[in-house]
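Q: Protein chains in written order, with this note's numbering: chain A, 1 to 388; chain B, 389 to 776; chain C, 777 to 1164; chain D, 1165 to 1552.
No lab work stands behind these hints: they were computed from the structure. Glycine included, each C-beta is placed from N, C-alpha and C at the ideal position. Certain hints may be false.
[As the list claims (entries may be wrong)] Computed Cβ-Cβ distance ranges for the label pairs, DEER-style:
id : chain 1 : residue 1 : chain 2 : residue 2 : range
1  : C       : V887      : B       : A448      : 43 to 51 Å
2  : B       : E393      : C       : D849      : 25 to 33 Å
3  : B       : N770      : A       : G153      : 29 to 37 Å
Protein chains: 4
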Amino acid sequence: MSKAELGVGMVGYAFMGAVHSQAWRTVNHVFDLPVGVRLAAIGGRDPVAVKAAADRHGWAAAETDWRALIERDDVAIVDICTPGDTHAEIAVAALAAGKHVICEKPLANTVEEAVSMASAAADDAARGVRSMVAFNYRRVPALAYARALVADGRIGTLHHVRAAYQQDWLVDPSAPLTWRMQKERAGSGALGDIAAHIVDAAQFVVGDVLSGVSGMTETFVKSRPLSGGSGLSAAAGGAGVGDVTVDDAAVFFGRFAQGGIATFEATRFATGRKNAMQLELYGSGGGIRFDFERMNELQFFNGSDPDEEGGFRRVLVTEASHPYLEAWWPPGHPLGYEHTFTHEFRDFLVALDEGTDPSPSFADGLQVQRVLAAVSSSAESNSGWVEV
Amino acid sequence: MSKAELGVGMVGYAFMGAVHSQAWRTVNHVFDLPVGVRLAAIGGRDPVAVKAAADRHGWAAAETDWRALIERDDVAIVDICTPGDTHAEIAVAALAAGKHVICEKPLANTVEEAVSMASAAADDAARGVRSMVAFNYRRVPALAYARALVADGRIGTLHHVRAAYQQDWLVDPSAPLTWRMQKERAGSGALGDIAAHIVDAAQFVVGDVLSGVSGMTETFVKSRPLSGGSGLSAAAGGAGVGDVTVDDAAVFFGRFAQGGIATFEATRFATGRKNAMQLELYGSGGGIRFDFERMNELQFFNGSDPDEEGGFRRVLVTEASHPYLEAWWPPGHPLGYEHTFTHEFRDFLVALDEGTDPSPSFADGLQVQRVLAAVSSSAESNSGWVEV
Amino acid sequence: MSKAELGVGMVGYAFMGAVHSQAWRTVNHVFDLPVGVRLAAIGGRDPVAVKAAADRHGWAAAETDWRALIERDDVAIVDICTPGDTHAEIAVAALAAGKHVICEKPLANTVEEAVSMASAAADDAARGVRSMVAFNYRRVPALAYARALVADGRIGTLHHVRAAYQQDWLVDPSAPLTWRMQKERAGSGALGDIAAHIVDAAQFVVGDVLSGVSGMTETFVKSRPLSGGSGLSAAAGGAGVGDVTVDDAAVFFGRFAQGGIATFEATRFATGRKNAMQLELYGSGGGIRFDFERMNELQFFNGSDPDEEGGFRRVLVTEASHPYLEAWWPPGHPLGYEHTFTHEFRDFLVALDEGTDPSPSFADGLQVQRVLAAVSSSAESNSGWVEV
Amino acid sequence: MSKAELGVGMVGYAFMGAVHSQAWRTVNHVFDLPVGVRLAAIGGRDPVAVKAAADRHGWAAAETDWRALIERDDVAIVDICTPGDTHAEIAVAALAAGKHVICEKPLANTVEEAVSMASAAADDAARGVRSMVAFNYRRVPALAYARALVADGRIGTLHHVRAAYQQDWLVDPSAPLTWRMQKERAGSGALGDIAAHIVDAAQFVVGDVLSGVSGMTETFVKSRPLSGGSGLSAAAGGAGVGDVTVDDAAVFFGRFAQGGIATFEATRFATGRKNAMQLELYGSGGGIRFDFERMNELQFFNGSDPDEEGGFRRVLVTEASHPYLEAWWPPGHPLGYEHTFTHEFRDFLVALDEGTDPSPSFADGLQVQRVLAAVSSSAESNSGWVEV
């Protein structure tokens, strides 16, 4: 291609690394973009593993030190796929080095870290260095379309949001302890990992922020076998049993700043539900229902239909007129999970080309972090109301 | 029939009166019971209307004074279908008159009234006078079957209950003010009317009680046009506008006494959802999902199925081996709403014949009332935790 | 009641008898009709069984000879619920006796019998004696509403009908041989029993008739154990094994007279499908989908919705503006199977009062019979096309 | 990578070309294969368009003559994505040149062409040159899993197959005439384009072939506006109106050689159905249902479950133990349409490495062609039965 090409350097190569790689490989072949990308380098601490990941996922080089990776001349974009405790340090350093940054969610493990990142991002944006937090569910076409419906006034005044993110991968008490169950690495459990997604998605689709919450958390299995493992189960290593120091589930309700009430439920213990990221909205003019396990569908109730004709419409969000779909297959041919990332990178590259700030910003990531912190705070103080 | 026949006297003849009438007319023709019933008398204040209701619904006599009705020699069972503010007085008087009592839910408008009713019921049960609160959703075959699955250990240790009761009949702000929106008549709004159902159903299916809650309520439309009307819209009368003095929606979470967490959401503002009484349970051994809009189906995930064969089963709860179904149609032929009451009356009559206490008892109704009161109390005090 | 009351005499008391009884008991209490009914007498050959059925189902008298039953002065309506081989004789005699007749489907076991019945019905209608064939699925509110949508032009020019009626009650080869599997009693198997329903429903909803068909039938299990039994399994009696002389399944396609093609599939061997009477229609302006296992729902695709908003709407056919629903419960409260008969009887009584011919007529029943005969004929001659 | 790399040369670059490209780009990064691929050259007649396609889709070179493309030294695999009238010539030439061939379906436009291809393929396989027809739906994980269930005896003796492929992209009569509606280019309409898929899928999942059929075809819109266009609407060019010379819809039924009956329906006129490739199977031991619009789900009824626990299980076919899934994302994260091709290429490359014949073979493609020809023949002769 003759168009400009930006090199990407990605840190981390587990589950998120694999998904991001597939999206980076794909974005320029599906979307007709003004700027191209090159999979320049992948970073990770284990030299053998990172080299294997580079080969497998199509990265030109491998680095064992993330500092070396962000310093590379052929890296213009740094993509952070590591556990949350490392986000702030890497992101701030990369921005300081003049690299655009995409950072996986949650933005950080603490509000303090998130504040430092958002602050750096705001400063650096002023000099044209861009950043984005990777809330990929915003790029599910059905949810992007839901946002368009809401913005267009199709559900009217908001009354209710009902959100849930249900998984079941920890229901077996013999599932090993990994970094995702350790507070010092992951910050929190279901709260930061998946409640973060539904908080962001709800705020995105509604177009408003939560102003206060009341919450409760629970750890059903208090200790688990230690394990070496990798990927989703990359544990601290060693044998024996370790304490689970994060929540298995979090439930909370809240209010939106401009009106409307909301409930949230995030769990890794909903036996039979695999990745059921669900969102319902009800307003004076209509209703919307979504379940990621059927990610190509949006249920839409148009309140202005006559009573006898009204019903939730199962809209297959695969029409050329739907968000992101013009570039894809004919109607009725489903897209998959990974393309939420392909779309995210598309939007990021378009923003870079246009010189605008990609969305969601680190400030948006910080706001979600504040909500999660408020939930934790409420849960620790008898579920009393906490302002965000 | 040569079998003993008990006369029923029903107070109230609006929506619930119509449904109860259909169930009383049906119960002896579908189920082979040791005792029969006769629709002896119906009571209501308006002499013309109550006579018309008697004719329409098949009652032998009409009374305009409930005290006269409960005194009738041909009335052995008093069935109370009036607004909540009258339950205590009628029920206590009927029990004192030695009549068996079925009382619509919620048992009463206040905990105090409910205490008096439960106390009277306990005393009278000792002398063979029986009473039951009409939580009809326990008699949905799918939920009765869900209870059996749980009791049989099929979902293992409970982790989650997720319940919701979503309607949308008040989303239009021009819908008239009726007694159901007036605190002095109805006690509360969505809370007592429909949250009561999901609290009872959740506790019934789980086989445990809630030990504490945190909640929030909301009234989206603060005043509504006054109206005469009848049935669901039987208002205080007059013209102009009146204040809505109850909640339009209530959301809360809680903990079960023996473990497991739960969320509840009840609303009359979920645009597009008509009568979506929903219940989900997840435990160490399986999961269950139910939606009353598809009342003949239970979704059951059997956690002991091999991973690759596992999935929520859409069980059509219409087999002869399912609760109540032996008396009905062949598999795949749906039952309707009214038969939750037919089943309730069947169980009531069987208990009378066996000389046992029907379930749910007034004490069970009182316990639900305590949960609702705890939710209100939490909602009034910054959503802080309140023990039940 | 002061209104006129017509006595009903019902012949047969197995599955259909039980359902009809419940509908007769209910129709006047739910619908406000100009004419009432009385359950005057029930007929059956076994004196003990018919007396028990009378008691159980609420009939005032029992007769062991159907001729005596139709002669009774207190019987104005004869309701025929017996196997198909007896329909013609009873119906023609009842009409001759000046009694209105409702006859279960299929109208008869042969076209010849059906011709004689339709002929008698036409003659007797001229002197005010009315008749109807009981294709109850026309009275499913969702299908009546589908008919209204089609009649209103909402699906435009018809292109496709796709119909199926799937059950699985014979998949077990040890299920006993009953009259439903004997040609001399039932006329045919899945063809007359359930294909008859989807042929009638398709023609009713479309508003046109099939002009020709090509078909195939199959008997998967050629012989079955004999059995006494009753109800659905009322067999010829005796021990040993008997031949199945009817089809277990029938598949066929055809053309509508005014255009559009159709496929049909009826089987008692669709393992897992209990009573899945399904109908799909597609036209230039929209699409419709229905499954009786979810009888309260109609899926409607409105072709004039914008592409990105289009989707099959799950219409809960429980609004007061839907057919038959004004008399029932609030939105979202499901109706059950039996009420397709309650609606049928309502329409029959209204027609009697108005002095019009009820629908579907015996002539309609004859037309369905001609379609079934054409399918049989095609199946017997190498599946070649047969005009109806 | 150090592993062997085979160059791919692809002919055609419209819809199928785009999908195949994405799959070729992906297969080696997701699956750990013994052999790699390189996107060597893409072929097409228009030099500007083919160069643009090469750039967009990541092909190293472009050729305007397919003969030149198959002769290239860097091309070891020829992937044919052109209309059906060109398949035979290209495929036979490529095989003769010693290149492995993947050919899009239907294998050819006539049985004669398909015979020549199958013959060449058999000859060339003897010398290690491999070929495959691209029935990609076999590689939907849910259908591959369905095949495994059937092969494992889980549905027992087959009674029924009910298949349909419903689209609606031609329901608008102003949709332009393209090669897909011209007999000389496409061979047939819905029959060869989409009925071919359900015939192959049904035979694949059942593990048997159809022995005879009876069919009917229909062209609802006989002429359409001519258009230049491209991709799915690449027409013959010019203005005015042209005749549609293929079927818009085809319906047929048939018998499997080893028992069981089947119905098929393929249409481009099912308003509201976008790409609903559906398959149902019922046997003595269970039932299976599938709809490609929900491609990550398989509905499975296990006939050996107790009656009251039985129900169609919605199996999310995203477990690591499901076909192809070990290489992908965690449970509950959907795959998309394109990966049916990624899986196809994976299997093809594994077969090349192992020196075995990939499946489905050209002989399999020929067998499907014979079924389609029998349907056409039946449709032309009064729908009489035609042996395959």
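Q: Among the hints numbered above, which are violated by the structure, and what are their numbers in rising order?
A: none
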